[in-house]
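Student: Turn these sequences into a full structure, and let the hints steer you where they fit.
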Amino acid sequence: MNHTVYLSFNTKKKIDIINITNQVNRAISDSKVKDGLVLVNPMHITAAVIINDNESGLHQDYLRVLEKLVPYYADYRHNDTGEDNAAAHIWRQLIGHQVVMPITNGKLDLGTWEQIFYFEFDGQRQKRVLVKIIGDQ
Amino acid sequence: MNHTVYLSFNTKKKIDIINITNQVNRAISDSKVKDGLVLVNPMHITAAVIINDNESGLHQDYLRVLEKLVPYYADYRHNDTGEDNAAAHIWRQLIGHQVVMPITNGKLDLGTWEQIFYFEFDGQRQKRVLVKIIGDQ
Amino acid sequence: MNHTVYLSFNTKKKIDIINITNQVNRAISDSKVKDGLVLVNPMHITAAVIINDNESGLHQDYLRVLEKLVPYYADYRHNDTGEDNAAAHIWRQLIGHQVVMPITNGKLDLGTWEQIFYFEFDGQRQKRVLVKIIGDQ
Chain A
419 MNHTVYLSFN TKKKIDIINI TNQVNRAISD SKVKDGLVLV NPMHITAAVI
469 INDNESGLHQ DYLRVLEKLV PYYADYRHND TGEDNAAAHI WRQLIGHQVV
519 MPITNGKLDL GTWEQIFYFE FDGQRQKRVL VKIIGDQ
Chain B
419 MNHTVYLSFN TKKKIDIINI TNQVNRAISD SKVKDGLVLV NPMHITAAVI
469 INDNESGLHQ DYLRVLEKLV PYYADYRHND TGEDNAAAHI WRQLIGHQVV
519 MPITNGKLDL GTWEQIFYFE FDGQRQKRVL VKIIGDQ
Chain C
419 MNHTVYLSFN TKKKIDIINI TNQVNRAISD SKVKDGLVLV NPMHITAAVI
469 INDNESGLHQ DYLRVLEKLV PYYADYRHND TGEDNAAAHI WRQLIGHQVV
519 MPITNGKLDL GTWEQIFYFE FDGQRQKRVL VKIIGDQ
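Chains as they are written, first to last, in the working numbering: chain A, 419 to 555; chain B, 419 to 555; chain C, 419 to 555.
It should be emphasised that the hints constitute simulated quantities derived from the structure, not laboratory data. Treat the hints with care, as some may be off.
Given that identical chains are not distinguished, each listed pair holds provided it fits within a single copy or across any two copies.
To be verified - Lysine-lysine pairs mimicking DSSO-like chemistry, simulated, CA-CA at most 30 Å apart: (1) K525 to K545; (2) K431 to K545; (3) K486 to K450; (4) K486 to K452.
Tutor: Next up, the structure:
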């Protein structure tokens, strides 16, 4: 039996990083799936879900590199439509926008430092992340 | 029952972006899968499949950023082999080359603005995209 | 029945690229799965698994582009913690850190030039890559 959960986020800051590993493990536990795959996909196109290290210095480095490569406030055609978030759309593609992770023995099968993060690049409003679990109970 | 479809593209332009959301939804409908996952993977390594906004200004922004970061015509070792598409190989890695998307109630479970796009970076010839659907009917 | 394999790597060089297509196909063969999906996910967050061309010039191009965009030895907050691998964490996000590939007729369903590579960005120590196979036997 598959299992689908919709997580909700509304960050106080426009750009923010949230560790969602526990929320994904809770969804897996609720699904009763013991072995399979979990897709974690942001339903908004100015956000990303990635796997990396739970280290705040590294998180600053990610944001500084993205700002250097693709400055948030610069000249973008998308922003001619009245938006100001073109860079957020691009950042989420560069950083890797979604993850599929393994489930073994009823939980995320992670390496020592692997954690799942939600990267918000245009926050301060309601956003959703879809968690779809498939596998054997 | 799984279901596999091979989509074909032959773009008139060397670099092009095509909305393939309807083609993926048609494959899901044909599969009769009601809940599961769909992998959309280009079978050529100078193309990408991504999720983003159906807005032409943003599509221009993507291509302008890729050209700025990795100029299409520059000095690449791969092009010493007689090819001219090294940058196309690199662009598709930077932008995110494949997607896995959720199927709920027999169709793509998308956020309001999520659409699936085929990004061709070395076109004007036959290319294929594999769509593999797994889940419960 | 799902099937899980943990591949191990310990590269002699700090930065290295290894073709793992045959190892993934062997895991699929051992699984007896005829049709499904295989996730290939590095369990370490300074490595990546990607699909691209088995051409050494192109591999040099990848590394040269990453070094140009995000120099390995530069000023990173993560390295204030005593690490020297901040760029390795960032490279693996830019290049695309994991792949999900289709299995048809009991093996990888690849385009002519698609091959699976392990990209090591902080090697000379034991690393693991998880291969999770799901589908129908």
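Student: Take the hints in turn and mark each one as holding or not.
Tutor: Checked hints:
1. For a Cα distance limit of 30 Å, the shortest separation of K525 from K545 qualifies both inside one copy, at 25 Å, and across copies, at 21 Å.
2. Only within a single protomer do K431 and K545 lie at most 30 Å apart by alpha-carbon distance; the minimum there is 13 Å, versus 36 Å between protomers.
3. Taking the closest pair of Cα atoms, K486 and K450 never come within 30 Å of each other, the shortest separation being 44 Å inside a single copy and 46 Å across copies.
4. For the identical chains of this complex, K486 and K452 are neighbours neither inside a copy (42 Å) nor across copies (43 Å), given an alpha-carbon limit of 30 Å.
Comparing the model with each earlier hint shows violations of hints 3 and 4; every other hint is respected.
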